[in-house]
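The whole structure should be built from the sequences, with the hints applied where relevant.
Protein chains: 2
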Amino acid sequence: MYTSSEAVEKLISRLSRLPGIGRKSAARLAFHILKLSPGEAGELADAIKEVKEKVGWCSICCNISETDPCPTCSDPRRRREIICVVEEAADAAAVDKAEGFNGLFHVLGGRLSPLDGIGPDDLRIKELLVRLTGVTEIIIATNPNVEGEATATYLSRLLKPMGIRVTRIARGLPVGADLEYADSATLARALEGRQEY
Amino acid sequence: MYTSSEAVEKLISRLSRLPGIGRKSAARLAFHILKLSPGEAGELADAIKEVKEKVGWCSICCNISETDPCPTCSDPRRRREIICVVEEAADAAAVDKAEGFNGLFHVLGGRLSPLDGIGPDDLRIKELLVRLTGVTEIIIATNPNVEGEATATYLSRLLKPMGIRVTRIARGLPVGADLEYADSATLARALEGRQEY
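Each protein sequence line maps, in turn, to chains A and B.
Mapping of the first sequence onto full-length UniProt numbering: position 146 corresponds to residue 146, and the numbering continues sequentially without gaps.
Mapping of the second sequence onto full-length UniProt numbering: position 79 corresponds to residue 79, and the numbering continues sequentially without gaps.
Keep in mind the hints are simulated off the structure, nothing from the lab.
Careful: at least some of the hints might be erroneous.
Identical chains blur together in the list; that is why a pair holds if it fits in one copy or across any two.
With a cut-off of at most 35 Å between alpha-carbon atoms, the simulated DSBU-like pairs for lysine-lysine come out as follows [unchecked claim]: (1) Lys10 - Lys160; (2) Lys126 - Lys97; (3) Lys10 - Lys126; (4) Lys35 - Lys126; (5) Lys160 - Lys35; (6) Lys126 - Lys54; (7) Lys126 - Lys24; (8) Lys97 - Lys24; (9) Lys10 - Lys49; (10) Lys35 - Lys54; (11) Lys126 - Lys160; (12) Lys24 - Lys49; (13) Lys49 - Lys126; (14) Lys97 - Lys160; (15) Lys97 - Lys49; (16) Lys10 - Lys24; (17) Lys49 - Lys160; (18) Lys54 - Lys97.
And the structure:
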């Protein structure tokens, strides 16, 4: 889909750089933005700029935050002896929303991935190590895929000798799933992680 | 997914108003935008503002354009006696890209949809009627769905009595499709529109 307007083409090209948005979706979004009122389009543009201006990183947990330390790290009601380690800020938000956790977070900023040249020095592991005083448990909540598991294994080998309890979130069947259609790797994990009634 | 940053929440809410983007996709985009350099994020925001400032409408064909008349309407190499009527600017861009058409366009700005309260007066039909001098053929290229067909029927009944040849783009099997998996409405159309070798 090629339009005759340079400004539209530029917007389509910028939008199609976003993850999960190909040229066709980008064109659809661009034509939608064209139909917005100038006020609504301005609000969207301003929200993008504002997020870059206001949002930085918490120097303790490396999560995104408008303040330093972030609201979670400075919340006195949170248990400071448990840290949940996640790959990205979005993962911390997801765990927080699940409401089963009342400790602190640590955002690695990625996962170990030798093929992409990402090693331990590229993740915020040093920042985690300086936080360990008084910590009794580290819950590793990296993604349950190859890189996430490798990152979890690396962290557990690093932290266990320090006498800290290191746990991994459970892998098994998602709630609402159908046994018949589950993949065998997930089923094997679900059997392995079975619990007593 | 709820974040602790108001600016991020605002961006997610603005992004999730775009078509085809739910809250989860919006959050994914927002976290990606957070990772962009300030320059890249600024370029995206500016592209959105620029498109609203620069792009307007061609007063002849009602297509989006940075100039009035648009480049297509003012192109002397285009055949002025054939007009292809489409619903939206994106449709005109798609037809133009297919390269089988060298006439002019007319963008209705929608389709007849009584359930949504959209009648003939809400479409740019008057603007089409004043363009008919010297026109020998109107190709109706509205979408091949219920509303698009209704719009096409309405237009053909309006235009035919004026002595203009009114045609409709062919409906049939898409190129590369599999007969076995085609829906029966499409197959019926393909049989109906069969052509001599």
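Evaluation of the provided hints:
no.: 1; hint: Lys10 - Lys160; in the structure: neither (51 Å within a copy, 40 Å between copies)
no.: 2; hint: Lys126 - Lys97; in the structure: within (27 Å within a copy, 53 Å between copies)
no.: 3; hint: Lys10 - Lys126; in the structure: between (41 Å within a copy, 32 Å between copies)
no.: 4; hint: Lys35 - Lys126; in the structure: between (48 Å within a copy, 21 Å between copies)
no.: 5; hint: Lys160 - Lys35; in the structure: between (57 Å within a copy, 32 Å between copies)
no.: 6; hint: Lys126 - Lys54; in the structure: within (25 Å within a copy, 49 Å between copies)
no.: 7; hint: Lys126 - Lys24; in the structure: between (42 Å within a copy, 31 Å between copies)
no.: 8; hint: Lys97 - Lys24; in the structure: both (33 Å within a copy, 13 Å between copies)
no.: 9; hint: Lys10 - Lys49; in the structure: both (18 Å within a copy, 11 Å between copies)
no.: 10; hint: Lys35 - Lys54; in the structure: both (29 Å within a copy, 13 Å between copies)
no.: 11; hint: Lys126 - Lys160; in the structure: within (16 Å within a copy, 76 Å between copies)
no.: 12; hint: Lys24 - Lys49; in the structure: both (25 Å within a copy, 21 Å between copies)
no.: 13; hint: Lys49 - Lys126; in the structure: within (31 Å within a copy, 41 Å between copies)
no.: 14; hint: Lys97 - Lys160; in the structure: within (28 Å within a copy, 61 Å between copies)
no.: 15; hint: Lys97 - Lys49; in the structure: both (26 Å within a copy, 34 Å between copies)
no.: 16; hint: Lys10 - Lys24; in the structure: both (14 Å within a copy, 26 Å between copies)
no.: 17; hint: Lys49 - Lys160; in the structure: neither (42 Å within a copy, 52 Å between copies)
no.: 18; hint: Lys54 - Lys97; in the structure: within (23 Å within a copy, 42 Å between copies)
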